[in-house]
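Participant: In case you want the letters, here they are:
Protein chains: 2
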Amino acid sequence: MKLSEIGEFGFIERFAHRFEDLLAPNAMGIGDDCAIIPAGDDHDLVLTTDMLVEDIHFIRDKISPLDLGHKALAVNLSDVAAMGARPVGSFLSIAIPHGIDVEYLDQLMEGYHQLSERYQLPLMGGDTTRSPHKLVLNISVVGRVAKGTAKLRSAAQEGDVVAVTGMLGDSAAGLHALINNLSANPESSYLIEKHVRPHPHIEQGLWLGRQRSVHAMMDVSDGIASDMKHILKASGLGAGIELSQLPLSDQLKAFSAQHQLNAFELATSGGEDYCLLLTVEADSFQETAASYKEALGADLYAIGFITSDQQLKWTKDHQSIAGGLKDGFNHFL
Amino acid sequence: MKLSEIGEFGFIERFAHRFEDLLAPNAMGIGDDCAIIPAGDDHDLVLTTDMLVEDIHFIRDKISPLDLGHKALAVNLSDVAAMGARPVGSFLSIAIPHGIDVEYLDQLMEGYHQLSERYQLPLMGGDTTRSPHKLVLNISVVGRVAKGTAKLRSAAQEGDVVAVTGMLGDSAAGLHALINNLSANPESSYLIEKHVRPHPHIEQGLWLGRQRSVHAMMDVSDGIASDMKHILKASGLGAGIELSQLPLSDQLKAFSAQHQLNAFELATSGGEDYCLLLTVEADSFQETAASYKEALGADLYAIGFITSDQQLKWTKDHQSIAGGLKDGFNHFL
Numbered sequence: 001m002k003l004s005e006i007g008e009f010g011f012i013e014r015f016a017h018r019f020e021d022l023l024a025p026n027a028m029g030i031g032d033d034c035a036i037i038p039a040g041d042d043h044d045l046v047l048t049t050d051m052l053v054e055d056i057h058f059i060r061d062k063i064s065p066l067d068l069g070h071k072a073l074a075v076n077l078s079d080v081a082a083m084g085a086r087p088v089g090s091f092l093s094i095a096i097p098h099g100i101d102v103e104y105l106d107q108l109m110e111g112y113h114q115l116s117e118r119y120q121l122p123l124m125g126g127d128t129t130r131s132p133h134k135l136v137l138n139i140s141v142v143g144r145v146a147k148g149t150a151k152l153r154s155a156a157q158e159g160d161v162v163a164v165t166g167m168l169g170d171s172a173a174g175l176h177a178l179i180n181n182l183s184a185n186p187e188s189s190y191l192i193e194k195h196v197r198p199h200p201h202i203e204q205g206l207w208l209g210r211q212r213s214v215h216a217m218m219d220v221s222d223g224i225a226s227d228m229k230h231i232l233k234a235s236g237l238g239a240g241i242e243l244s245q246l247p248l249s250d251q252l253k254a255f256s257a258q259h260q261l262n263a264f265e266l267a268t269s270g271g272e273d274y275c276l277l278l279t280v281e282a283d284s285f286q287e288t289a290a291s292y293k294e295a296l297g298a299d300l301y302a303i304g305f306i307t308s309d310q311q312l313k314w315t316k317d318h319q320s321i322a323g324g325l326k327d328g329f330n331h332f333l
Numbered sequence: 001m002k003l004s005e006i007g008e009f010g011f012i013e014r015f016a017h018r019f020e021d022l023l024a025p026n027a028m029g030i031g032d033d034c035a036i037i038p039a040g041d042d043h044d045l046v047l048t049t050d051m052l053v054e055d056i057h058f059i060r061d062k063i064s065p066l067d068l069g070h071k072a073l074a075v076n077l078s079d080v081a082a083m084g085a086r087p088v089g090s091f092l093s094i095a096i097p098h099g100i101d102v103e104y105l106d107q108l109m110e111g112y113h114q115l116s117e118r119y120q121l122p123l124m125g126g127d128t129t130r131s132p133h134k135l136v137l138n139i140s141v142v143g144r145v146a147k148g149t150a151k152l153r154s155a156a157q158e159g160d161v162v163a164v165t166g167m168l169g170d171s172a173a174g175l176h177a178l179i180n181n182l183s184a185n186p187e188s189s190y191l192i193e194k195h196v197r198p199h200p201h202i203e204q205g206l207w208l209g210r211q212r213s214v215h216a217m218m219d220v221s222d223g224i225a226s227d228m229k230h231i232l233k234a235s236g237l238g239a240g241i242e243l244s245q246l247p248l249s250d251q252l253k254a255f256s257a258q259h260q261l262n263a264f265e266l267a268t269s270g271g272e273d274y275c276l277l278l279t280v281e282a283d284s285f286q287e288t289a290a291s292y293k294e295a296l297g298a299d300l301y302a303i304g305f306i307t308s309d310q311q312l313k314w315t316k317d318h319q320s321i322a323g324g325l326k327d328g329f330n331h332f333l
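So the protein sequences, as listed, match chains P and R. Quick note on the UniProt record's numbering: the first sequence kicks off at 1 and runs consecutively. Quick note on the UniProt record's numbering: the second sequence kicks off at 1 and runs consecutively.
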């Protein structure tokens, strides 16, 4: 049987259950942004790992080694942020093909170090090896969180407000600009920067992680259309998302209009935004958002609400989109 | 500059020091078998990661997926054993090229699960992605050890006995048999089994980790000629190793004689033995070895001693080998 017939999640389902019996009490394994390992009376450690493969996750001609080093670490930090945890150490494995020289690697490590320094995050280990063809990076990040307080995908509750911590779709538009060599104007430059140098929402995650009103949390890596389903499946619930409430940058709107792209499609299905997607107790949302703004100088964007019907429904201008999300893309913004 | 001009360790030295300032107190980063992350009042967590790339670390035609799944985990468990730690969770990233079907992956995960079950070790997370050409696995293992008791490479002391916990050279001979299709006799089968299904010395590491008489410890992955230098560099000391004391299996001796191979060369420079290499307080060695035998039913093999002169010297039948180790290979066993 070909792997394409069952997909990544189908493959994982074939073995994940066999390891569940081996989990220690209070530990959590496969299925959230990070695993949880109990570590002493006060705190838990969380751990995430991501593999980036040349020509699958990045094209070497389209991203500088400085940006690649930054981004490879950033996407893992984003998973730690999603648990409400503080990163404490990273691990980097790298398989290096012929044709990559020491100067390229120095730049890669410079980008990795710049982001590490920002969070006082030591690179604590790794592995270096040759590769027959492609550059492959695998990064693991360990984080620390107060015991039992990690935010899980499974914690959404009926009636919760669904919110995000940042603009959606910019990264996907930047990727479009990069692939099609559309980098000659200010919008493209802005959007490409969002794609190649995403900023993990660590401070946001730490603040949100301390709020009891925040229930479920994860990071936006595949696009909210896909990511939202993980929260709903884990929580056994549904949601309604209103397209007109999605936070879209002016640059995304202008770029989409120029290039006849659908901004809603980029914002829901593009992915790699690396902001946070969360659900908040409805009664507390206004107060939480106001405190968040005071603390971080940024907005929490409400985009919908959690329902009991185990379905993800989309509305546009509060009209239901009968044929599902793709019908919402029929009209350009 | 080409990477080959500076090598793996030269590359690591270019950036490792830049991250040292970021390490938390009592944490340990790059440079031992595992990193150490303090975790509560009673214990530390240790973490290791290894990347295995097709055609660099394994040839897909030469190892079954069942064995590959076993071995990929085993080599990481060996690093945890080297700290005297108990493994508590593993993480697997896998990049899958076209041409690998679900049945292959099921067998790989079967081998991984069999070894996991033996140590009650949950697979707690990972990443699954496509690969343009080659199969790539990256495994991280977390272990737990009583606070401050992890065994380090830097802890050797002058006068210590140098010892190993298993036969040397079998795996390298098995690799030779595999590559040259020499699998038709009992010796080859035995040696190939040692190469494709190494058994990490977890119980040995846990027992040795509890002994105050055991100073430095690491696992034998590159061969003792190379691995010993890591202990000596980290400890600022030297050693004398006696070739005639190296534990060699009867199968290795017979196979080497049949195929005109030098058993000493395989035992010192072949690598992938995945037993433990340690230094033991000289006055306590006999007692430690006797207790070890009683507890584990196995031998600790003394192969030399630690000296103060910061050099690694080899003897054969207690005669010094003037030209260094390679001169010791001139006579077949």
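Among these hints, one or two may not hold up.
One copy or any two copies: either way a pair holds, since identical chains are not told apart in the list.
Here are the simulated lysine to any residue pairs, SDA-like style, with alpha carbons at most 25 Å apart [said to hold, decoys possible]:
| # | residue 1 | residue 2 |
| --- | --- | --- |
| 1 | K2 | E103 |
| 2 | K316 | Y190 |
| 3 | K2 | I100 |
| 4 | K147 | K253 |
| 5 | K326 | T149 |
| 6 | K293 | L182 |
| 7 | K293 | L178 |
| 8 | K229 | R130 |
| 9 | K316 | T149 |
| 10 | K2 | A302 |
| 11 | K62 | K229 |
| 12 | K134 | Q319 |
| 13 | K2 | P97 |
| 14 | K62 | E203 |
| 15 | K293 | G236 |
| 16 | K326 | S64 |
| 17 | K233 | F285 |
| 18 | K2 | S320 |
| 19 | K293 | I202 |
| 20 | K62 | A155 |
| 21 | K147 | R14 |
It should be emphasised that the hints constitute simulated quantities derived from the structure, not laboratory data.
Participant: For every hint, state whether the structure bears it out.
Facilitator: These are the hints, each one checked on the structure:
1. K2 to E103: Intra 40 Å, inter 9 Å, cutoff 25 Å: inter-copy only.
2. K316 to Y190: neither (27 Å within a copy, 68 Å between copies)
3. K2 to I100: Classified as between; 8 Å across copies, 33 Å inside a copy.
4. K147 to K253: This pair counts as neither: shortest intra-copy Cα distance 42 Å, inter-copy 55 Å.
5. K326 to T149: For K326 and T149, neither the intra-copy (37 Å) nor the inter-copy (58 Å) Cα distance is at most 25 Å.
6. K293 to L182: neither (35 Å within a copy, 70 Å between copies)
7. K293 to L178: neither (33 Å within a copy, 64 Å between copies)
8. K229 to R130: between (38 Å within a copy, 22 Å between copies)
9. K316 to T149: Result: close neither inside a copy nor across copies, 35 Å intra and 60 Å inter.
10. K2 to A302: Classified as neither; 41 Å inside a copy, 51 Å across copies.
11. K62 to K229: This pair counts as neither: shortest intra-copy Cα distance 31 Å, inter-copy 41 Å.
12. K134 to Q319: Neither: 47 Å inside a copy, 48 Å across copies.
13. K2 to P97: between (28 Å within a copy, 11 Å between copies)
14. K62 to E203: Classified as neither; 29 Å inside a copy, 49 Å across copies.
15. K293 to G236: neither (30 Å within a copy, 54 Å between copies)
16. K326 to S64: Result: close neither inside a copy nor across copies, 34 Å intra and 44 Å inter.
17. K233 to F285: within (23 Å within a copy, 58 Å between copies)
18. K2 to S320: neither (37 Å within a copy, 59 Å between copies)
19. K293 to I202: Classified as within: same-chain Cα gap 15 Å, cross-chain 51 Å, threshold 25 Å.
20. K62 to A155: Result: close neither inside a copy nor across copies, 39 Å intra and 47 Å inter.
21. K147 to R14: The answer is neither: 31 Å in one copy and 37 Å across copies each exceed 25 Å.
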